Each structure stands twice: as C-alpha cells, then as structure tokens.
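First to last, the sequence lines map onto chains X and U. Residue 1 is where the first sequence starts when you use my numbering, and the numbers rise one by one after that. Residue 776 is where the second sequence starts when you use my numbering, and the numbers rise one by one after that.
The hints are simulated quantities; they were obtained by calculation from the structure and are not laboratory data. Everything numeric in this text was worked out from a predicted model, so none of it was measured. For each residue, glycine too, the CB sits at the ideal point set by N, CA and C. Hints may be right or wrong, so weigh each one.
[Said to hold, decoys possible] With a straight-line Cα cutoff of 16 Å, these simulated EDC-like cross-link-like pairs (lysine to aspartate or glutamate) come out:
| id | chain 1 | residue 1 | chain 2 | residue 2 |
| --- | --- | --- | --- | --- |
| 1 | X | Lys739 | X | Asp723 |
| 2 | X | Lys412 | U | Asp892 |
| 3 | X | Lys737 | X | Asp575 |
| 4 | X | Lys565 | X | Asp575 |
| 5 | U | Lys833 | U | Glu887 |
| 6 | X | Lys217 | U | Asp836 |
| 7 | X | Lys643 | X | Asp575 |
| 8 | U | Lys826 | U | Glu887 |
| 9 | X | Lys214 | U | Asp892 |
[Stated by the list, open to error] Across the chosen pairs, the derived CB separations fall in these ranges:
| id | chain 1 | residue 1 | chain 2 | residue 2 | range |
| --- | --- | --- | --- | --- | --- |
| 10 | X | Phe336 | U | Leu910 | 30 to 40 Å |
| 11 | U | Asn858 | X | Leu332 | 27 to 37 Å |
| 12 | X | Glu622 | U | Pro860 | 35 to 45 Å |
| 13 | U | Asn858 | X | Pro383 | 39 to 49 Å |
| 14 | X | Gly669 | U | Pro860 | 49 to 59 Å |
| 15 | X | Lys22 | U | Gly847 | 53 to 63 Å |
| 16 | X | Lys325 | U | Leu910 | 38 to 48 Å |
[Said to hold, decoys possible] Just so you have them, the derived chain U footprint on chain X, three or more residues with Cβ under 8 Å:
| id | segment |
| --- | --- |
| 17 | 209–220 |
| 18 | 224–237 |
| 19 | 281–290 |
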Amino acid sequence: MAVATASDPSPIQVLADVGKSKSLRTLLRVLILCFIAGAAVSSRLFSVIRRSSPIAHSKRRMVLTAACFESIIHEFDPWFNFRATKYLIANGFYDFWDWFDDRTWHPLGRVTGGTLYPGLMVTSGAIYHALRALTIPVDIRNICVLLAPAFSGLTAFAAYLLTNEMTTNTSAGLLAAAFMGITPGYISRSVAGSYDNEAIAIFLLVFTFYLWIKALKLGSVLWGALCALFYGYMVASWGGYAFITCLVPLHAFVLICMGRYSTRLYVSYTTWYALGTLASMQIPFVGFLPVRTSEHMPALGIFGFLQLVAFIYYIRSALSGAQFKAFLFVGLGAVFGLALLALVAMTSAGYIAPWSGRFYSLWDTGYAKIHIPIIASVSEHQPTAWPAFFFDLNMLIWLFPAGVYLCFQDLKDEHVFVVVYALFGSYFAGVMVRLMLTLTPIVCVAAAMASSQLLSTFLSVKSPKVKDPEQEDATDSSSKKAKQNTGSLRSANSPYVGVYSFLSKGLVSGIMTIYLLLFVLHCTWVTSNAYSSPSVVLASRMPDGSQHIIDDYREAYQWLRQNTKEDAKIMSWWDYGYQIGGMADRPTLVDNNTWNNTHIATVGKAMSSSEEVSYPIMRQHEVDYVLVVFGGLLGYSGDDINKFLWMVRIAEGIWPDEVSERKFFTPRGEYRVDGDATETMKNSLMYKMSYYNYHTMFPPGQAQDRVRGVRLPDTGPVLNTLDEAFTSENWIIRIYKVKDLDNVGRDHAAAASFERGHKKKKATKKRGPRALRVE
Amino acid sequence: MAPKKSQANAAPVVTTGTTTTTVPAVSTPAKKPSSDAWSNVASNILSHYQKTTPQRTKLIDLFMAFLVLVGGLQFVYCVVAGNYPFNAFLSGFSATVGQFVLTASLRIQTTEANKADFPSVSPERAFADYVVGSLILHFFCVNFIN
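The following block holds chain U by itself, in its conformation from the complex (with noise of 0.2 Å):
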C-alpha cells in the first residue's frame, strides 16, 4: 500500500481528532541482527500507521488495498492466461491504476498533515476533483474496452 505523508518527520504530525501525537522519536537500537532490525521495521511502520490514521482514512486505504488486489489478479490472469483481447486489459487494467492514483491523491489532499502543501484545496475541494478526474477516467476505459 502505498500511502504517504510528506515530510511529516520534519514538523511534528498533528493528527485528527481522536490521536493527536507527535512523532514517536522511534530510537530503537537494534541494528547488528537484521531478522530482529526488520522486524521492528514492519511493527514501527504498523503502529505508527494505527497511530495517526483517522478512520475515514482506513477505509480510503481499504478501497485501495482493493484496488490493488483487483489490478494484480488482472495481471497475473494476463501473464497467465494470455493478453488476447488487449484492449480489454489494458482499459481494466489502467482503470485500477488510475483509480488507485487518484483515491491516492485524495488521500494525500485529504490529510491534515498535508494541509500546507495544499493551500487552494479543501477537503469537499478535493472530494469534487476526484469526482471529476474518475468521471474521464472511466470515461475513457468504456471507450476503450471495446
């Protein structure tokens, strides 16, 4: 999955409602046995993730989760089964691709910890361009797919 927040280790992160946390300055020492170091890795990235995602958040994630389970069972079918009506897949293919870019966007958009990046664009702001820019996109895939 691939949510992100940009240089949300340079000012501290406030949160939404329910948590609001800074940063935990994550010190843990482990370094010298790697198993030990990756696995406080994973559990670093899990907490933090429970910390300071806001629940409409996790549903956005869950739709892009999704998003990316359906894009990957294309491929595989493609890799497997053959890319014959190629237009098909490419148009279902992109069409995950480009929603999951674009629920992406409105996630980064939507995110307190982004709101300097995003002066002009509120959150009903960038609820509406993506009403807009999945309109073209599928738009396009139906004109597409054949």
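Okay, chain X solo, but in the shape it has when bound (with noise of 0.2 Å):
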C-alpha cells in the first residue's frame, strides 16, 4: 500500500497534465491520502499483530501464554497514561482533575490531577464515551492501544496541510503525507500501544504550525484564533508545547528582522499570543508559568514588541523622514532599555524563574550530567548519534537540505517559517534523542517538497515548449535549447528550465522512484524490528529461529498482583514504578514522574547502602517488598546493575558524605562485579539482591554473569534483612520480602547467623583466667 502512495505523483502529474476534470482529482487526491493513512496505521500495529494473530484472551490484561504480542501498552509512561484514563472513565472528569493518588510515592503521595497533562486521557475518554453512545461498546484498552496509530492518519493529513501551505505542487503534499505517515522517526513514538503523549502531540504540532502559517498568510483572527485553541490543545497533551511558543515567536522575530512586518504579522501573532496564552494557562500543571518562567518570555516579548513596531509603522505614516529618525531613536531606545531593565529585575528579585534544568541542558550538553543526574539518567534525554539520523529518517535526511534550499528560491514568509524550523529542530534534534520527534515533519515537508520538484520537472511527458509568442517565432520547432534567443528582453523574462531528452528523464525518475522504494523497505524493516518490541515483553530467537517470548516482567507483576497484600508498598529504582502500579496495581514509592529528587535519592541510598543503613530506610518507608532486576542470567542488558550508578549519583547529590561513587569502583577505577569488587559494591543492597543465590544455578565455579561477562565467586552474597521472596523464570525480575523485627530482639545479623545453625559467640568468657592458687 505504501509502495503505491509513494509513487503516487506520476499519475496525478500524468493526469494533471492531460487535464482531467477538476473533481476527478479531488477525488484521486482524497483517496490518495485516505490510502496513506490506511499505510500509516497498518504499519504501526506490527507490534500488535506479528506472525500469527492475536490469541483471544481474556478481559484481564495478564495472559501469560500468549505466543505473539498482544494488544498490550508498551513502555513505562503509558503505564501510568492507561491508569490515569481508566481512573478517568471510572470517576468522571471532576474527580480525575481532583485526583489525589496515594498509591504513588508512597508516604507523600502524588496530585495526580494537577500534575499531569490530561489532553491524551481527555482525548481516549472522549473517544471512549463517544463510541458508547453509537453503541460501539469497546474496551478502554482497545482505545488506549490504537489511539496513536489513528493519530498518526491524521498527523498524515495535518502534514499534507501544512506542505500545500508551502508550495503551489500539490503532489509535494501528498508525498509529505506519505513520508509522514511511514517515517521511522515519527514512527518510534507510535506504534499501537505507545499510548504516550507524544501520539497526540506530533499531530497537534503539525497543524498548530498549519493554523499558524494559514493565519500568517490570511492576517485573519479567525485562523489566529483556531491556531490559539489548537496551541491551547497541544499544550493540554505534550510538554514539548514549548517548542511551538519559541518556535512562532522566533518566526515572527525573524520576519520583522528581515524587514517582512505586515499587519497580517500583526494580526495573526497578537491573537495567537493573547487567546493561547490564556488558553495554556487553563491547564492546572502549567498555570502561571507562561508568565513567570523564562521559556515563555520570548513570546511575551515578540508580543509586545509587535505592538511597539505596529505603532512605530502607523507613526512613520504621519511623519517625515528626519523627525521619524529622531523619533524611532530616542522612543525606542528608551523602550527597549526599558523592558530589558524590567526583565533584569524580576529575574533577579525572582518573579520570573530562570531557564528550568531542562532547557540548560539542551545548550550545554554536559549540564544536566554534572547538575542534574536524574535528566541525565534517562536514555532518550541523551545527545543524538550520527546514524540515528539516516536510521529514523532515511533519504529524507538528505533530501531535506535540498528541500530547505527551495524555501529561498521564493523566499516568502511561509518559507523562512521552514528555514527558521529546520535551523531549530536540527539543533535540537542533535542534542537530545528524544527531540528527533519535534524535525521529523520538517524534514518530511521539506524533503517532500524537494523530491515533487524533482519528480514534477522529470516526469512531464511532454517536452518544454516556449510559451512566449516571440520566443517561439525566434526558435526552430525541433525542441533544442530555446536559448539562443535574442532581444533585450531576455533578462525580464524567467528563464524556461526543462528537460529534453527522455533518456534523463527515465534516468532520474527511475533512480527516484528506486529511492522511493527503498524509503519504504527501510521504514518497514526500521518499524518492524526496532520499534514494535514492547519492551514489557522481551522477543527473542531461538537457536532453530523461532521466535521466543520471554514475558518476565508481566509474570513477576501478576505475581504481586495475586500475592501480595492489597497495599503492600514495592520499593524499585523509578523507571519501574508506572508498570508496577499498572499493571500489579500496587503502591509504590518512586515512579517515573521524577517530581521528587530527595525521595529517589532515598531509594537511591537504600539500593546502594549496606543492609544496616538500608533496613531503617525501608522500615520507616514501610517497605514490604523490593524488586530488582537482573539481567545476568539471560545477558539482558537494560538491568539494574548496569544502571546502579545512576542510582549511586543521585543518592550522593543528597547525601554526599554516605554515599561516594569512588567508592563503588576499584582503584584502577574499574566498575566490577565480579570477586575483584570493591567492599562497599559487595556490601550493597542492589549488588546482594542482584547477586543473592545465584551462584546455585550453576556448578561450583562456573557462575558467569552474561550482561557484564565476568566469572562471579563461588560463595554468594548473604542477605540477612530480606528473604527472597519471588524469582521469575529468567531471572529478570526478583522481588524480596522486607523481614520484621525480630521476635526476641535480635538484629538480623544475628538471627540470620542462628538460623544457619551458627553458634552465638560468646563475647567474652564466663569465667576468669584460672589463677594457680599457690600456697
């Protein structure tokens, strides 16, 4: 299907040329796209359906023998999107905006309601309550999986808007659509069951831009107004709303720098600015920030710079050349000198926060490691590498460049937005991974619109005529180059471009349309075996190949759910806690919304400490069970071992005199686990729960962890504080049971040292050294 649109354009271009009625093209271009977004969604369900079908199971979402994936939610943060629309659907919208959840974070708790960006559970709800009352009765599930892979249809469509808005071809619409729809980049973020905020958001980015441009050209409140819901929407659904609130202003700025103000800018900005700004603010987790941090001051500013240069432009009208100088010199350089004393002042006097931590880093890339482990500790805030690019975008990436170099063959407002767009998104795109998301549609417009023009300019059948009825007395009929034409005219009128001979014309569409091919095996193959693993179930081979489904995690999960106490508090490193209360429904201390450093530098101490230290820790967090995972055994390298070190750096941000990192590495500043480990390693809650029994599974000797590739001692770790209390079947998962206090008073040490059968040693002997008694 994708085969199809991709080389769509020839018959359009064929039929353009022939010139067919003007509806049979609508038609063809509605179906055309309508076809893409058949493409769009059915390549991202390969992580629903591969292979076989889906086996049917039951309503409950823990069915552990499925042989293929099924529809399940992915990740980590779709965990807690899932959770939150099902709190959603169970209690209505008033009580979701309330929400206080107090099975997150354990002892503090969590407001949920405020805290979160509710435009993707507010989307999935409607949906929901929308097919019930067609009496579609579906599963909120159901929904929740493939509401991205829907979204990317219309992300498909908003692409072929915002494209056609740039150019006059509209084939180089459709191509954007189709390169939108399939593009690994963009595919990453949603395939069926990344129920994440990024599902909606691409969408909404794509046509807020659309409304802005369609607003900018028109200088119409109306498409100001729908750009200010629309911003408003996106800034409900998605974080990265701040690329859209510096990415207009810095348009606008640069078009009044290039001498470009009209007051069609004018217009479309101040309305865009005033109705959604007020619109973002309705948002509880974003409240006042548009006034008071700085990611949103550029905004403001262009705002009230627009005013100044409107009045300025009304004045230069009713004034002469020298008194208008004098004007615009002594007004504006008390304004500006002005406004920039204003903002130096409440910076410093703290009404307006400075760049939060996360923008830091996206100048300074070493910034968040040295400041900020807790950003840096997540993968996808980490700098971009080289191939990421040709892996997620293919040709297109060097397309773009030829695309963005047709933006200034016209130059006209809507393109410098396509410059200004892709100078932006490349930056960003390089410094963080997860920011590849935001210049996916901006290489995929600017790519579609190079790629039409060459298409358009090599596939017309016919060979150029000169339409110029001088020109064409002047040259001979045999289609050579119209170019030896004489007169002075020659520099007024364009130059004709065309090509002659059919040879170059079968050439270069022909090695086009093998790239376009190509494009679509790359996304496929890119889509179907990089990003539909839903990392909650691991795929892997088998020595025959066949496909083997290790589902740990799901198997450890269903164990807490069906074992443990209702509110029995799990203690895990963050990245686990939206699964744990996902899918095991129980409390947990840390989650992925990392709003609370000090609280995960607690866990962080307690995996990284000694028993000794970690028990109070646990006690006084009421801890019932700590679950690790452990890769070891099946070389799965994403384990909490390999990300301990996070663990130990964020636990010595807060406590930097308890816990040293130095510590954890050998003198040679090794990071070992194996005999030659350093004390403080060996002595660790993390290394001995890792570690606990494992050297059982294997004969004396021969314990070999395969993720660090290193022989373990034969003699393992001691718990004394924790009993294992759950092991899954690859060892991926283990939880442990937090002991009591000891009966008769004991500490554990002790206790356990009995229980082995060890005698108490006695101190000191009851009797004295024996004195030889002389008489």
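These two chains come separately, so use the hints to put the complex back together.
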C-alpha cells in the first residue's frame, strides 16, 4: 500500500497534464490520502499483530500464555497514562481533575490531577464515550492501544495541509503525507500500544503550525484563534509545547528583522498569543508558568515588540523622515532599555524563574550530567548519535537540505518558517534523542518539496515548449534549447527550465522511484524490527530461528498482584514505578514522574548502602517488597546493576558524605561485579539482591554474569534483612520481602546467623583466667 | 494608543468618505531645537490622525484607549495592593490586553489603506472574526478567573 502511495505523483501528474476534470483530481487526492492514512495506521500495528493473529484472551491483561505480542501497552509512561485513563473513565472528569493519588510516592502521594498533561486521557475518554454513545461497546484498553496509530493518520493529513501552504505543487503535499505516515522517526513514538503524550502531540504540533501559517497568510483573526485553540490543546497534551511557544515568536522575530513586518503578522501573532496564552493557563500543571518562566518570555517579548513595531509603522506614515528618525532613536531606545531592565530586575527579584534545568541541558549538553543526574540518567535525553538520523529518516535526511534550499528560491513568509524550523529543529534533534520527533515533520515537508520538484520536473512527458510567442517565432520547431533568443527582453523573461531528453527523464525518475521504494522497505524494516517490541515483553530467537517470548515482567507483576496484600508497598528503582502501579496495582515509592528528587535519592541510598543502613530506611517507608531487575542470566543489559551508578550518583547528590560514587570503583577505576568488586559494592543492597543465590544455578566455579561477561565468586552474598520472595523464570525480576523485626529483639544479622546454625559466639568467657593457687 | 497603518508612506493614503487626502509631505525643516522638533512631531501626528481617520475608526480608538486605561488601572492596583488572587488579576489584565489586540486587529483590517494586505477579509468578515475571537477570549477569562 505504501509502495503505491510513494509513487503516486506520477499518475497525478499525468492526469494533471492530460487536463482531466478538477473533481476527478480531488477524488484521487482524497483516495490517496485515505490510502496513506491506511498505510500509516497499518505499519504501526506490527507491535500488535506479528506472524500470527493474536490469541483471544480474557479481559485481564496479564495473559501469560500468549505466543505473540498482543494488544498491550508498551514501555513505562504509557502504563501511567493508561491507569489515569481508566481512572478518568471510572470516576468522571471532575474527580480526575482533583485526583490525589495515594498509591504512588508512598508516604507523600501525588497530586496527579494537577501534575499531568490531561490531553491524552481526555481525548481517549471522549472517544470512548462517543463510541459508547454510538452503541459500539469497546474496551478502553483497545482505544488506548490504537490511539497513536489513529492519530498518525491525522498527522499525515496535517502534513499534507502544511506542505500545501508551502508550495503550489499539490503532489508535494501528498508526498509529505506519505513520508510523515511511514517515517521511522515518528513511528518510534507512535506504534500501537505506545500510549504516550507524543501520540497525539505530534499531530497537534503539525496542525498548529499549519494553522499558524494559514493565519499569517490570510491575516485572519479566525485562523489565529483556531491556531490558539489547537495550541491550547497541545499544551494540554505534551510538555513539548514549549517548542511551539519558542518557534512561532522566533519566526515572527525573524520576519521583523528581515523587514517583512506586515499588518497580517500583527493580526495573526497577537491573536495567537493573547488567546493561546490564556488557553495554556487553563491547564493546572501549566498555570502561571507562561508569565513566570523564562521559556515563555520570548513569546511575551515578541508580543510587546510587535505592538511597538506596529505603532512605529503607524507613526511613520504620519511623519517625515528626519522627524521619524529622531522619534525612533529616542522612543525605541528608551522602551528597549526599560524592557530589558525590567526583565533583568524581575528575574533577579525572583518574579520570573530563570530557565529550568531541562532547558539548560539543551544549550550545554554536559550541564545535566553535572547538575541534574536524574535528567541525564534517562537514555532518551542523551545526545543523538549520527547514525540515528539516517536510521530514523533514511533518504529524507539528504533530501531535507535540498528542500530547505528550495525554500530560498521564493522566500515568502511561510518559507522563512520552514528555514527557521529546520535550523531550530536540527539543533535540538542533535542535542536530545527524543527531540528527533520534533524535527521529523519539517524533514518530511522539506523532503517532499524537494522530491516533488524533482519528480514534476522529470516526469512531464511533454518536452518543454516555449510559451512566449515572440520566442516561439525565434526558435526552430525542433526542441533544442530555446536559449538563443535574441532581444533585450531576455533578462526580463524568467529562464524557461525543462528537460528535453527522454533518457535523462527516465533515468532520474527511475532512480527516484527506486529510492522511494527503498525508503518504504527501510521504513517497514525499521518499524518491524526496532520499534515494535513492547519492552514489557521481550522477544528473542531460539537457535532454530523460532521466536521465543520472554515474559518475565508480566509474570512478576502478576505474582505481585496475586500474592501480596492490596496495600503492600513495593520499592524499586523509579523506572518500574509506573509499570508496578499499572500492572501489579500496588503502591510504589517512586515512579517515572520524577517530581521529588529527594525521594528518589532516598531509594537510591537504600539500594546502594549496606543492609544495616538500608533496613531502617525501608522500615521508615513501610516497604514490604523490594523489586530488582537482573539480566545476568539472560544477558538482558537494561538491568539494575547497569543503572546502579545512576542510583549512586543521585543518592550522592543528596547525601554526599554517606554515599560516594568513588567507592564503587576499584582502585584501578573499574566498575566490577566479580570477585574483585569493592567492599562497598559487595555490601550494597542492590548487589546482594541481584546476585543472591545466583551461584547455585551453576556448577561450582562456573557462575557467570552474561551481561557484564564476568565470572562470579563461588560464594554468593548473604542477605540478612530480606527474604527472597519470587524470582521470575529467566531471573529478570527478583522480588524480596522485607523481614519484620525479630521476635526476640535480636538484630537481623544475629538472627540470620542463628538460623544458619552458627552458635552465638561468646563475647567474653564467663570465668576469668584460672588462677593458679599458690599456697 | 497603538493604531497603525502599514506602509502608508509608500502608497499615498486614500482614506474613506469625507477626507480624501494624500499624506501631506511634512517637510518642516526644524531640526536643531529639539523641543521645537518634538512639539512638531506631536502636532504632526495629531493632525495626521485627525485628517485620515474616519469617524467609526475613532470610536474604535476610543474603545482601545478605554481598554488601555482599564488595563493600566489593574496593573497599578496589582503593583500597589498586591496580586493576591493572581488568577483574577491575570484573567482581568489579559482580558483587556486580549481585547485590545483583537480590537486593534479589527481596526487594521477595516482600514482602507490596508486593503491590499487583506485580500480575503471583508469588513463584515473582520467583524465576525472579531466577535468569535472575543467570545473565545472571554470564555477563557471567565473560566480562569475562579
């Protein structure tokens, strides 16, 4: 299907050349867009249906016997979104708005309703109720799983609209829609089951930009207001709205600096800002941020600046040159100085928060590593590696500069937008892997412009005929180059560009078609291989090539759900908080909403300290079970030992004198887990929990950690304060129960030692040394 | 007051109804005495405004002046008496600001001189847009004011 769409412009072009009726072309366009949406949706279903059809399963999500991935929620954050959506469905909108969640961040709780972006949940809730109203009974889980693919179809449509604003060539829009639909850079965040904010946010991003361009072109309040509404929706959906908040003012600023100020710009920008800012403040999580934080200040600044510019333009119409100059220097200088002073004063007085840490890390990639380990520890906040660009965008990445270049050809306001967006987006995509997502739309648009230009130049069957009658007389009928025209009008005429030989036409369009086909192949391959595994369920290949499903996560969460008390508190590293909350339905200490760094550091400290230190911490937080992820048996590299240093670093940030990263490294600076590991490492709770009893799996002396590739000592660590409660099939998840206080008041080490049959060592002999009686 | 006309210098201004004047080439050469130049500037702006603004637009301008006044009052109150219900202040203040820019947009769109900039916006359309924009604005303000 995608193949067909990618090479579609040719029939369109042919039809256009033949001059068929307009309605037919519209029909074709609608059909093609439908096909593209279909391709976009279906290529995202790899994660749900693979090889065989999904086994019919009961309503419970934890079906352990599935032989293929089923319709499940992926990753980490989606589990929270899913849980929140279920809460919304069950309790209604107002309860959702005021939701205080006491089952996360255990002693503290979380004001969930006020600290989330509700757009996603409300969208799926609305779809759910709409379908129910149409008497289509549908499970909310299926809506959540399929929301992202559905919106990707809309994104493709939005890309079509946006591209059509940029160029008169409608095939460019169709190409952009096709690119947008299947490019892996976007698919990576929108496969079925990845129920994350980005699922709808990218559609809103592209559509908001489309509305902005439309408003700017027409200078219409209505379009500006629509743009503001969708901007509000975007703010409700994703923290990345700041990208729009910065990009639109930047576009306006660049336009003013280029001397392209127009009343249309004034109308569209001020309407957008006045309404959009109010709309964004309706979200409790955003609240007063638009007037308080520096991220939003550029928009406000440009708003004020535009008022000034507009006023100046009005004055200019009333004054002569010299007077205007005097007015400009005095008036403008004073206003600028005052505004700058006010901004500095307000920032230093604390009315306006300086840039937040996440934004600093955008400028200085080393910033987060030093100051905010919790941000740096997330893999998607790492800088992008070069191959990732090619992997995610394939041939679009080299068509992209060509498209941007084409924008310079006739540089209108909307083309300036493409250029600004391209520069901005490329920078951010290079800084943070995650922001590849924001770059993708503009890459698709620019690449579509470039390739459609190429195709429409080389695909026209007719050889170029000279249009100008005067020139027609001068040239001979054979289609040679029409350049030898004499006359002074030559420079006035735009040079007529065209391709004459069928060979070059066929060659170039053939190569282009091959590239497009390869692109489709690449996208399909990447999607099915790299982006469709739901990380909750791991797939591996057996030696005979058959697929083997490793389902330890769900096995363990199901165990928790069935074998522990309803309110048993689970301590784990924050990565697994959302999943425990969603799948096991148990309270957790920390989760992926990392709002309280100290609390996370507490967990980090408990994990990285010795048992004597950790036990009181766990008692204080009423921890019942501790969950660790261990990949040593299977060679699963995303386990807790590999994340351990981040726990240490985060804990060290709060308790520098109790936890020290250095102590986890050997004197030679190595991070080791085998016999040469440092004492601190061997005594840490995380190490003990990971390797407890592990050596019994192997013959003596053969114990091996397959992730780190090292041989482990024969004697495993000893745990005194924890009991092993559960270990999953492949040892990926290990759950320990925290022991209660000892019945007879011994400390746990003594009790455990007694259990093992060691006699209590006498501290002092009862009798003193025998004295020789000398008489 | 920030009403404006774009590039009215480039094309001779043709205004509505009563006064059909081109921009008077203000070429008063007073340059050195700055106070004189300043009074000249002010008087020139004033006379230009008087000449080129139709009656209806003046009404709009009056409304805008009123909005500036109300917004200024709220701001002064915020500075003097504190911003305690910050929601209320923000929505009140941004209601005036938003209404101001919407009105300014209406004024720009209906000004004859800007006709070329807005090929698709007729005065009626401009007014309808204005109403829609204001409705949205006040919906948000009322929702935000608590």
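To see whether the hints hold, each was checked on the structure:
no.	hint	result
1	X:Lys739 with X:Asp723	7 Å, holds
2	X:Lys412 with U:Asp892	14 Å, holds
3	X:Lys737 with X:Asp575	20 Å, violated
4	X:Lys565 with X:Asp575	22 Å, violated
5	U:Lys833 with U:Glu887	14 Å, holds
6	X:Lys217 with U:Asp836	26 Å, violated
7	X:Lys643 with X:Asp575	10 Å, holds
8	U:Lys826 with U:Glu887	14 Å, holds
9	X:Lys214 with U:Asp892	14 Å, holds
10	X:Phe336 with U:Leu910: 30 to 40 Å	35 Å, holds
11	U:Asn858 with X:Leu332: 27 to 37 Å	29 Å, holds
12	X:Glu622 with U:Pro860: 35 to 45 Å	39 Å, holds
13	U:Asn858 with X:Pro383: 39 to 49 Å	41 Å, holds
14	X:Gly669 with U:Pro860: 49 to 59 Å	58 Å, holds
15	X:Lys22 with U:Gly847: 53 to 63 Å	54 Å, holds
16	X:Lys325 with U:Leu910: 38 to 48 Å	42 Å, holds
17	209–220	holds (count 3)
18	224–237	holds (count 4)
19	281–290	holds (count 3)
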